[in-house]
Amino acid sequence: MQFLQAVIIGLLIGGVYALMASGLTLIFGVLRVINIAHGALLVLAATMTWLLWRETGVDPILAAVATTPVMLGLGWLIHRGVITRLPQGSPAMTVLATFGLALIIEGVLNVTVGNIFRSATPDYFAQSFRVGGLALPKPHVYGFAAAVVVLGGLYLVLTRTWTGRAIRATAQNPAGAALVGVSGAGTAALAFAIGTATTGVGGSVLSVLYPFYPASHYDWIARLLGIIVLGGLGSLPGALVGAVVLGLAETLTATYGSLQWSTLVFYIVIMVVLLVRPQGLFGTRLREDALA
Amino acid sequence: MSALRLAGVTAGYDGGTVLHDVHLDCPEGTVTCMIGPNGAGKSTVLRVITGLLGADAGRVTLGGTDLGALPPEGVLRAGVAMVPQSQALFPHMTVRENVLMGGYLIRRDRALVKARYAAVADLIPIVAARAGDPAGNLSGGQRRMVEVARCLMLEPRVLLFDEPSVGLDPRSLAAVTGLIERLHADGRTLLLVEQNVRLGLRLATHAVVMESGRVLMHGPAEEIAGHPQIADLYLGGRAAVPAGQASEAAERRDDG
Ligand SMILES: Nc1ncnc2c1ncn2[C@@H]1O[C@H](COP(=O)(O)OP(=O)(O)O)[C@@H](O)[C@H]1O
Ligand SMILES: [Mg+2]
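Chains as they are written, first to last, in the working numbering: chain A, 1 to 292; chain B, 1 to 256.
I should point out that these hints are in silico values taken from the structure, not numbers from a laboratory.
In this text, all values refer to a predicted model and were calculated from it rather than measured experimentally.
Ideal Cβ placement from N, Cα and C applies to all residues, glycine included.
The reader is advised that the hints may include incorrect statements.
Listed below are several chain A residues computed to face chain B (Cβ distance under 8 Å; list not exhaustive) [as the list claims (entries may be wrong)]:
| no. | residue |
| --- | --- |
| 1 | Gln-88 |
| 2 | Gly-89 |
| 3 | Ser-90 |
| 4 | Arg-160 |
| 5 | Trp-162 |
| 6 | Gly-164 |
| 7 | Asn-173 |
| 8 | Pro-174 |
| 9 | Gly-176 |
| 10 | Ala-178 |
| 11 | Leu-179 |
| 12 | Val-180 |
| 13 | Val-182 |
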């Protein structure tokens, strides 16, 4: 029973991780940009959620309805103001610039809301659903549900709409996409904005599930990078699997070993997988030019 | 009537000028074959026509329309589509999705997209036969057919082919060749770059010889094929073989 409980909670957490990693991998897939600021954007969205919750009493997860459009617009602005101004095909520059962006967001949060731990604690914060002999924490269940909604929506957009097909086409073959009349610049802007918009819901869930402070983004970007490297850079199904592996590795290690070991085990899994499959679980082989 | 025309086109990349004062004339309904050594600038000519590469000087026109002023999307809308030299498909999308993407510019008209897809699938059997398979799982020849199918979704007036025969086994080659002949018979204007000069000149009505970014020669295909210098360089080295044996040598090469 303890095992089943750990597995289910691991899956719930994995779903939340998948939500947080989805935007990062989508952006990489289309733009070949590793957005180091993704973690900081999550923390920013979490902070906005926390403020909304404290000021209005609105449910923090539902607050995503308000923060998502803000993050969408912010993503568009970042793409327009930072990403498009970087020299094409320079991974070093994009990593450096987005890291700088992360530091700026962290700094702004430090100055405006202060360098303290926060957590949104709605009334269900410490409650659980009792199913059989299992206790499923409500925040985890709601967070997972939000993740399913966002990832399901993303899947439908990517597979059922022309916009989504244009995004996938650009990720798979930018030259081929240009040949059928897809605007590379427009698609890149859209993918960056959508990828950033996912931090709206991601941040909402974060604010309830995990205490955070401005510098928490280091922890988050490390985890999220681990997930998408494990799954295969740019692959959404890969991010899903990587996220579930992390969720399970953490929960099972915390249940049967110790909390300290829980993240370490995940990184060991990543190293073993990458030794066997350098492209990650779902990645197509990473060519020399894939980062260009 | 001239469908596609390049007049005094000069173009290049960051590395320098590649095309120098290129003139080209593809009359409506003809097949023009462009030949020339590697690096002569043949693919660059096609890239300039599609608008993927801007010209530094000169004009590219279709009918009377100035294509040079249009973005790649505008050139497509005007009726020029290209099957490029290297992989153009989306490997993780199905064949059906790949072909449908060819209709991206007419996406607002669902009925039209559907009708065009049906027509294309009818013309190119592989589209229906492998509709649900990822394009990345197809053979080189099958991919080439799907690339052409994707182009046809916009019913282009002018089709550009960059080395359509490269890497194809004899059966796929026959299929691609048959398709080119069919498109010609349908009255489309074709411009192809072809390394297999014998094949290219057989398919073509007109030919253009390029070297170092310049047009060396142009004229009716038979005329170019019969030109001693061309025979020399591309059709089996007439100079190296005593006259009279040349055509025989070329025949043998064909068999091989
Ligand atoms: N993307 C590019 N950037 C810089 N130079 C290029 C590029 N593509 C082609 N070139 C150069 O332009 C010249 C003509 O190339 P290309 O048009 O591909 O020749 P062809 O198709 O006749 O073999 C070559 O010298 C090639 O090195
Ligand atoms: Mg070429």
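How the hints compare with the structure:
1. Gln-88: 11 Å, violated
2. Gly-89: The hint is violated - Gly-89(A) has no Cβ within 8 Å of chain B, the shortest such distance being about 12 Å.
3. Ser-90: 15 Å, violated
4. Arg-160: 11 Å, violated
5. Trp-162: 5 Å, holds
6. Gly-164: 11 Å, violated
7. Asn-173: OK, holds: Asn-173(A) within 8 Å of chain B, min 5 Å.
8. Pro-174: 10 Å, violated
9. Gly-176: 4 Å, holds
10. Ala-178: Hint holds; Ala-178(A) Cβ to chain B Cβ min 6 Å, cut 8 Å.
11. Leu-179: 6 Å, holds
12. Val-180: The hint holds - Val-180(A) has a Cβ within 8 Å of chain B, the shortest such distance being about 5 Å.
13. Val-182: OK, holds: Val-182(A) within 8 Å of chain B, min 6 Å.
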